[in-house]
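Colleague: Residue-level listing of the chains:
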Amino acid sequence: MTEFLLELLKKEVKKRGYISEEAVKKISKKTNIPVSGIYGVATFYSFLPTKQQGKNVIHVCTSPTCAIHNSLDLIKFLEKELKIKLGQTAKNKLFSLYETSCIGCCDEAPAMLLNGKPYIKLTKEKIKKILRKCKS
Amino acid sequence: MQILRKTNLKALEKAKKLGAKKVIDILKKKNLTGRGGAAFPTGKKWEFTLNAKSDTKYVICNANEGEPGTFKDRFIIKNNPETLIEGILIAAYVIKAKQAFIYLRGEYDNLRNLLQKTINKVVKKSGVDIKIISGAGAYVCGEETAIIQSIEGQRGHPQYKPPYPAVDGLFGKPTIINNIETLTNVPQAILFNDWDPNLRLMSLSGNIANPGIYELPVGYKLTDLIKKAKPKNKVKAIYFGCFGGCMPYSKIELTPDSICGKNCIIGSYTIIVVDEKQSILDTALSIAHFYCHESCGKCTPCREGTIRVCHLLEKIKSGKATKQDLEILEDLAMNIHETSLCGLGQTSTNHLLTALEFFRKEFEEKLR
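Heads up: the sequence lines are chains W and P, in that order.
Residues in the first sequence are numbered from 1 upward in steps of one, following our numbering.
Residues in the second sequence are numbered from 1001 upward in steps of one, following our numbering.
Quick caveat, the hints were computed from the structure, so don't treat them as lab data.
There's no promise every hint is true.
Unchecked claim - Using 35 Å as the maximum straight-line C-alpha spacing, the simulated DSBU-like pairs for lysine-lysine come out as follows:
hint: 1; chain 1: P; residue 1: K1317; chain 2: W; residue 2: K126
hint: 2; chain 1: W; residue 1: K117; chain 2: P; residue 2: K1131
hint: 3; chain 1: W; residue 1: K25; chain 2: P; residue 2: K1298
hint: 4; chain 1: P; residue 1: K1234; chain 2: W; residue 2: K126
hint: 5; chain 1: P; residue 1: K1317; chain 2: P; residue 2: K1298
hint: 6; chain 1: P; residue 1: K1230; chain 2: P; residue 2: K1366
hint: 7; chain 1: P; residue 1: K1298; chain 2: W; residue 2: K11
hint: 8; chain 1: W; residue 1: K126; chain 2: W; residue 2: K83
As the list claims (entries may be wrong) - Derived coverage of chain W by chain P (criterion: at least 3 residues anywhere in the stretch with Cβ under 8 Å from a Cβ of chain P; other residues may be distant):
hint: 9; region: 3-10
hint: 10; region: 29-42
hint: 11; region: 62-70
hint: 12; region: 83-96
hint: 13; region: 111-117
What the hints assert, rightly or not - Not everything, but these chain W residues come out facing chain P in the computed CB check (under 8 Å):
hint: 14; residue: T100
hint: 15; residue: S101
hint: 16; residue: C102
hint: 17; residue: I103
hint: 18; residue: G104
hint: 19; residue: C105
hint: 20; residue: D107
hint: 21; residue: C134
Keep in mind the model is a prediction, meaning the values are calculated, not measured.
Quick reminder that beta carbons are idealized off the backbone N, C-alpha and C, glycines included.
Turn these sequences into a full structure, and let the hints guide you.
Modeller: Take a look at the structure:
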């Protein structure tokens, strides 16, 4: 069975945090899919960034259950703590902040993914602790 | 819980003794239906693929559970992955597939190791290869034709049906696509005489003290279920996920005949409880935002419409909207519902149409 493009792209994100132009060209050679085709696929998916990301990528859930549990306030709090806006990466490349659709942690809302790992029942205090750990 | 019962490969053994046709007969007789939301009879689905002529056939396990408020598949992967894998092996045996896929949503990447370990343990010499493909954060890839596109390395765009995946699926070959809860039920239905077809996993969340997975029969009174979940305040509305629409608490019923009122869709038994402290307009905005983000962009009504819905709701929230804006919003919602290509677009405004029916005041109060 041939290699699956989605798997190749995910591996690249796992390794380097994003899919660089160089990586796209490499994958293009390997798979015989044109560069434009690979960008077409990568840009369709939320978790396949084509720009350099922070060392720590945060995805806060904003779907209804988390929104009911004030995840929008938590985003504002994160923006203030990290000094970046939603969708941005900090200049020192330590953090990127995004919102995400439901991550299936509705029974433990509000929740977010930090580098793919779920963090649940979030409070501002809890977030402060998590950020401190990331910085150290 | 029934869903947690282990079958220890005994169902696969039994299936092999019975043969493909008898397995399908059992699934039909025991009335196993798809648990992903559409409730299509599983035996029938498998029969289409069995009868399709091809040397190569595939099984896809749809683990792209993404409906907001739903977390039952995560629960199964965590607590009974062996039985799920056995279900995939039975499906592969029935249609003589050598290759199966689990399309695991990107949000569940942290479950991938557990799933891979279970595959390594269970599959062994069965002659079937089960490969996990990680999704990358696209809700629409839970739609069966979009899942195929995604595995094939394309953008996850839903396709026109027919042809159905059962005869013309992955790489153009006949393909069985079932979700996790369905495939986990397969070995249990085959092995246990007391297997109950009416039990469903219900995901409860929202303003309640006891959120979680509840296994209850179809027809269980929704009001009793919500009492079990211990609402924190007076309940205002119930949302059946994002796509199912909402109902005022005072009007709900949950019976096989009248599952959730004629305007709502129960789907995969997702229940989000919203209490009186919440604003329906804010919830509408949250859901509209979700669809705006998840629309795949293939068809115009959904791609453009979901953005307009968001803008109009924001305008209403800001207090700048007029009565005419509200009329346009309702009209637009109906149009998106009627003209979108796939289920995502078609159901994307259910929440709004039902909210405007039952909670119109909350929108009108904000008008200029």
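Colleague: To test your reading of the hints: which numbers does this structure violate?
Modeller: The structure breaks hints 12, 21; every other hint is satisfied.
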